[in-house]
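> Sequence:
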Amino acid sequence: MRYLFILLISLILVFSGCINENIISESDETLFLNNTSSENPNIEVELNNNFESDNSSEIELLSFKILEFGIYGDSYKHYESSITGDKTVIEVYMGKKLGSDNIIEINSINLENGVLIVYVEEITPETVSDRAIVYPYEIVEVNGIYNKVEFKTIE
Numbered sequence: 001m002r003y004l005f006i007l008l009i010s011l012i013l014v015f016s017g018c019i020n021e022n023i024i025s026e027s028d029e030t031l032f033l034n035n036t037s038s039e040n041p042n043i044e045v046e047l048n049n050n051f052e053s054d055n056s057s058e059i060e061l062l063s064f065k066i067l068e069f070g071i072y073g074d075s076y077k078h079y080e081s082s083i084t085g086d087k088t089v090i091e092v093y094m095g096k097k098l099g100s101d102n103i104i105e106i107n108s109i110n111l112e113n114g115v116l117i118v119y120v121e122e123i124t125p126e127t128v129s130d131r132a133i134v135y136p137y138e139i140v141e142v143n144g145i146y147n148k149v150e151f152k153t154i155e
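Position 153, counted from 1, in the sequence shown is what the working numbering calls 153; the numbers after and before it change by one each time, with no gaps.
Any given hint could be a false lead.
[Said to hold, decoys possible] Cross-link-like lysine-lysine pairs, in silico, DSBU-like; alpha carbons within 30 Å at most: (1) K77 <-> K96; (2) K96 <-> K65; (3) K148 <-> K96; (4) K148 <-> K77; (5) K77 <-> K152; (6) K77 <-> K65; (7) K87 <-> K77; (8) K65 <-> K87; (9) K65 <-> K152; (10) K148 <-> K65; (11) K87 <-> K152; (12) K148 <-> K87; (13) K152 <-> K96.
[As the list claims (entries may be wrong)] Derived DEER-like restraints, expressed as beta-carbon distance ranges: (14) L98 <-> N143: 31 to 41 Å; (15) I59 <-> P125: 24 to 34 Å; (16) I133 <-> E112: 30 to 40 Å; (17) I59 <-> E121: 14 to 24 Å.
Just so you know, these hints were derived from the structure itself, not from any lab. Nothing here was measured: the structure is a model prediction, and the numbers come from that model. Heads up, the beta-carbon is just placed ideally off N, CA and C, and yes, glycines get one too.
Given the sequences, and given the hints that come with them, work out the whole structure.
Structure, rendered in structure tokens:
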């Protein structure tokens with residue numbers, strides 16, 4: 001009986017780590033999906049469509065689709081955008097890093113007064129977990145053609 005109890009507790013601990021960390025909340029009859037992990041490259045992130053700030057400028061939170069991400073991108077750090085058909089493709093590259101725990105991620109994309117603002121987070125751990133050389137990157141697409149794109153890093 002004691003071994004059965006230990007086995008049951010062990011199984012609960014093992015499978016409790018498999019829970020996805022996407023957070024869903026509801027506010028003003030709008031459903032939000034906050035992408036907290038980059039496990040699925042074809043996640044479509046939906047955000048609230050209309051938001052006004054105190055300075056009367058219109059800010060629209062846009063949805064985007066993750067096309068690709070990984071640890072073997074370009075060897076130098078850069079952010080860029082391009083037009084493909086009726087979509088804008090956003091690419092962010094972290095450059096050469098030591099340790100596979102380095103991550104670059106697009107957290108949100110806003111449209112403010114005709115300018116597409118891309119919020120990028122670069123996560124670099126304080127300690128190196130392994131000696132692998134990686135080149136983290138993420139590529140997403142947004143519906144629509146946007147010629148003016150600005151990148152802002154989140155710290």
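> Run every hint past the structure and note whether it holds.
Consistency of the hints with the structure:
A C-alpha spacing of about 8 Å is found between K77 and K96, which places the hinted pair at or below 30 Å, so the restraint holds. For the suggested pair K96 and K65, the alpha carbons sit about 25 Å apart, so the restraint of at most 30 Å is met. Between K148 and K96 the CA atoms are separated by roughly 27 Å; this keeps the pair inside 30 Å, and the hint holds. Taken as a hint, the K148 and K77 pair is honoured in the structure, with Cα atoms around 20 Å apart against an allowance of 30 Å.
The straight-line distance between the Cα atoms of K77 and K152 is roughly 14 Å, inside the 30 Å bound, and the hint therefore holds. A hinted pair counts as satisfied when its Cα atoms are at most 30 Å apart, and K77 with K65 qualifies at roughly 22 Å. For the suggested pair K87 and K77, the alpha carbons sit about 23 Å apart, so the restraint of at most 30 Å is met. A distance of roughly 11 Å separates the Cα atoms of K65 and K87; the hinted pair therefore holds under the 30 Å criterion.
For the hint pairing K65 with K152, the CA-to-CA distance comes to about 19 Å; that is within 30 Å, so the pair holds. Restraint check for K148 and K65: the C-alpha separation of about 19 Å stays at or below 30 Å, so the hint holds. Taking the CA atoms of K87 and K152, the gap is about 21 Å. The hint holds against a cut of 30 Å. The suggested pairing of K148 with K87 holds, with an alpha-carbon distance near 13 Å, which does not exceed 30 Å.
Of the pairs offered as hints, the one joining K152 and K96 holds, with about 20 Å between alpha carbons and a cut-off of 30 Å not exceeded. One distance hint, 31 to 41 Å for the beta-carbon pair L98 and N143, holds here, with the actual separation near 37 Å. In this structure the supplied range 24 to 34 Å holds for I59 paired with P125, their Cβ-Cβ distance being about 32 Å. In this structure the hint that I133 and E112 lie 30 to 40 Å apart at CB holds, the actual value being about 37 Å.
Hint check: I59 to E121, Cβ distance near 19 Å, so the stated range 14 to 24 Å holds.
Going down the numbered hints, you'll see the structure goes against none, and every one checks out.
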